[in-house]
Structure formats: structure tokens, C-alpha cells
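Asks: As you go down the protein sequences, you meet chains A and B in turn.
For the first sequence, the residue numbers in the numbering used here are 1 to 187.
For the second sequence, the residue numbers in the numbering used here are 1 to 309.
Incorrect hints may have been included.
[Stated by the list, open to error] In silico EDC-like cross-links for lysine to aspartate or glutamate, where the CA-CA straight-line distance does not exceed 20 Å:
#1 K98/A with E98/B
#2 K170/A with D65/A
#3 K209/B with E76/B
#4 K98/A with E76/B
#5 K98/A with D69/B
#6 K98/A with E50/B
None of these hints come from the bench; they were simulated from the model.
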Amino acid sequence: MTTYSPAPGAAPVGRMLLAQTAFETRMLLRNGEQLLLTVVIPTVLLVLFSAVDVVSVTGPGKRVDFLAPGLLALAVMSTAFTGQAIATGFERRYGVLKRLGASPLPRWALLTAKTGCVLVTEALQVALLSVIALALGWSPHGDPLSVIALLILGTAAFSGLGLLMAGTLKAEATLAAAGRAGSGPRR
Amino acid sequence: MHPNPAVEIAGLVKRYAGKTAVDGLDLRIDRGAVTAVLGPNGAGKTTTIETCEGYRRPDAGTVRVLGLDPVRQAAELRPRIGVMLQAGGVYAGARAVEMLRHTAKLHAHPLDVDALVERLGLDSCGRTGYRRLSGGQQQRLALAMAVVGRPELVFLDEPTAGLDPQARRATWELVRDLRRDGVTVVVTTHHMEEAEELADRVAIVDRGKVIAEGSPAELCRGGAEDSLHFEAPAGLDLGGLVKVLPDGATATEPTPGRYRVQASPVDPQLVATVTGWCASAGVLAERMTVRQRTLEEVFLELTGRELRS
Chain A
1 MTTYSPAPGA APVGRMLLAQ TAFETRMLLR NGEQLLLTVV IPTVLLVLFS
51 AVDVVSVTGP GKRVDFLAPG LLALAVMSTA FTGQAIATGF ERRYGVLKRL
101 GASPLPRWAL LTAKTGCVLV TEALQVALLS VIALALGWSP HGDPLSVIAL
151 LILGTAAFSG LGLLMAGTLK AEATLAAAGR AGSGPRR
Chain B
1 MHPNPAVEIA GLVKRYAGKT AVDGLDLRID RGAVTAVLGP NGAGKTTTIE
51 TCEGYRRPDA GTVRVLGLDP VRQAAELRPR IGVMLQAGGV YAGARAVEML
101 RHTAKLHAHP LDVDALVERL GLDSCGRTGY RRLSGGQQQR LALAMAVVGR
151 PELVFLDEPT AGLDPQARRA TWELVRDLRR DGVTVVVTTH HMEEAEELAD
201 RVAIVDRGKV IAEGSPAELC RGGAEDSLHF EAPAGLDLGG LVKVLPDGAT
251 ATEPTPGRYR VQASPVDPQL VATVTGWCAS AGVLAERMTV RQRTLEEVFL
301 ELTGRELRS
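The whole structure should be built from the sequences, with the hints applied where relevant.
Replies: See below:
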């Protein structure tokens, strides 16, 4: 027979962080709209604009050399800003944040987990888009370290904005505004 | 009884935009018991509970939960309490069992998730997304999330609202098991039956104040009189009966052949007195019943209003 006798206590903070990050990432990757936003749209744009002459491309090299860095930046923005704002807005709306507020998970750990979820998603995006761009003949140049630094700075800035929006506006308003600003899906 | 109460609320005041939701509420909740906070919608029950959970800051008064300040000592308190919100709290894309398993991972010594899932009849919806669960399944999932961390104290806000009778019984059984194993349970409800069935103590809240408090039996006994009814041949001379009854008790024959004795309290001694008098008068009393007030009537008497408006 199960005993319910009290044995309260928070899990070690490292385990909580890992669990929350994994859970948030799983929720994000399961969501169709989020996948559209983070994977499908940047991929389609990269392939389409590399192949078809609809955007004017400047600078030397192939079309993909101009497009790939911009689409990496778009991918970061769509995850850190649009995706984050929409997911968190709905978590707020469905009482998820409220319920987590009564759990042993500290607030900073939740924010860290959300950041971790964004970074994991971005790593997947960068890997995917780079492979496609390379297949399209992209010859990257520049300093990889400064690229990573820029990615992280961009993530921090757009995550902050996204969370600010999710925390202050209603979920639907967040969806509309974040969708418009980040070229996300319009529902 | 444990010297330190599970919850101690003194003079709690909470206002929203000028409207007073809680108006000087005092309440002490002992450990190891099931306490029902009973009142109509809008009485201030949820506001009071959410102040205990650390969601709201009191405008005045003090709240201590397990001896801690729910706002300033939240980090210390939260692992020790279990919370079931009135609605929501689950990721829209999450599956029922997955959500429960995740909640368990945030705790040091969680319950066995599979056993809890089976116990609450959630095994059939293991892979179903939260939004496709029935209202009753969502409620039971929220209940499971509240207890999975093996808390000392559980707050259940309207845990059986919208449940069918069978699911309601399953919830009550779990609450009884929690009490058996030493967990303190605080339940808000506007169902009289739930409070009578489940609670060791009942606090009746109305317009932001506790207006009565006690065990269900105490609340039903106190105040107005209980009554004893029996049937016998019409037209008995009740003068002799009144003489042997305690002071203040009355005996009447509202309709011929049906008698009513009112006294406070109606206790075993009173029943013996009435049957003794019947025996000495050579009268066979039939259909003798003792009727106590229900909490519903107590509430009506205290507030002049129906509980469910």
C-alpha cells in the first residue's frame, strides 16, 4: 500500500534545472507552430532565396553567402524572441507559471531552464541551417568566436524582450505582436 | 495536539481595486487534520488560500504557514506544501503522466508516479494531451501534482468541483489516506456534503470573515435546537412529558399522531427520557427519529442566505 507520509524537500538544484530544461525543450519541439517558426520558415527562406532571384543580394560571392548569416540571425530571433514570448505567454495564461511558482523550482532556475531550452534549440537550428547552406555552396568566412559571442548576445537581448512581452501583455497580444515583429506565424 | 499550528492567520485583510475580498479573517488550522474552508462563491476562500500559498501579499494582518512567512520565506516553505489550483497549471502540450513525472522530479523524495497514476485512475490517459482530458481527469491530475512531492501540508482549492459522484468519492478517499498518513489537508469547498463527509474541522467563511468554526458535529449542534420525532396515537396529554424533560425543552403535536420534542442538545439521555415516559404511559412510540441540523441549515441560519446562490 502506498504511504503518503510526509517526506518533503526540493530535488538538488542541478537535477531540477536539467529536468526543467529537458521538459521545456520537449514541449517546444513538440509544438507544431513552434517548429514552423524555428525550423521550417528559416529553412524554406534559405533554400528559396538562394535559388530564386527575388531578394536583391549585395556584396561579393554567391547568393547563399549573403543569405546564410542573415538567416542564422533570423533563426536566433525567432527562437529567442518570438518562440519564447509565445510559449511563455501561453504558460502564463494556462496557469503553468503560477503552478510552478508553488513548486520547489526557484524563479532563477526557471529562467535558466528557459535560456537552456533556447540555446539547445538554437544549436539545432544553427547545425541544420549550416549544413543546408554548406550544401548550397556557402563558403563561410569570419571569426567563429565572434559569431558565437554575437549569437549569445543576440539570444540574451531577444530573450529578455520576449519574456518582458510575455510577462506584461495578454497571451493573444503577445502572439500577435511577437508574430509580427519576428515574422512568425499569424494565427 | 501539535503545539505549532499548520496555518495561523490573524486579522488578514486583502483588497482588490477598492473591493475588500478578505476582511479581518482569523483562522488557526491544526496539523494532521482535514480542515474545510466552507463558504459561498466570492466569500474570500480562494484569496485566503492563495495568501497562504504565497501568491498574494496581505494588505494587513499576518499569515504563518508551518511557522513561515509565505512571501518572505517562500523558498523554504514551497517544497513543504502541495498546491492544487482551481484550474490550469499544466503545459498545454504536455501529456498527463509526463507532466506528473516532471513534477515529481522537482522533489527530493516523490511518491511512486505509477502507483499514484493507477490510484487516481489516470492510467487510461497516459499519452493523452492535457487539453484533451476530461474536466474530471484534469482535476485528478492537478490533485496528483499537489501530493506527488510528499508534502506536509496540502491546499486543495475546490478539488471536486465539476466531478461526477464516483470521481468525487475517489478524491475523498485519497484525502482520507493523506490524513491517515499524517498529512495536513486544507480544502476549500462550497459543497456542504463535502465538508460534512471529509472534514475534521470546518471554518465557515462569509464576506471575508470566519463566522463559525468547529467540527461538523459541533457546528450542527450549536445554536438552534435539534429535534426528536415520533408517532403515537393522537391526542396524548403532553403535560406529563414536558415535566420530565430538561428545562427549555418543548413537546408538541404539530399534526395529530405526530409528535415533536425540541431540545438542545438532543442526547441519549433525552431519548431515554422520552421512551421512559412513553413506557410509563403505556404508549408504543413508532418511527422515532432524531434529526440534527445539516451544515446547510447552519449556514443558512448564520448568514440568512443559501450557500449556493
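Asks: Evaluate each hint against the coordinates.
Replies: The hints, checked one at a time:
no., hint, result
1, K98/A with E98/B, "holds, 19 Å"
2, K170/A with D65/A, "violated, 39 Å"
3, K209/B with E76/B, "violated, 28 Å"
4, K98/A with E76/B, "holds, 17 Å"
5, K98/A with D69/B, "holds, 18 Å"
6, K98/A with E50/B, "holds, 11 Å"
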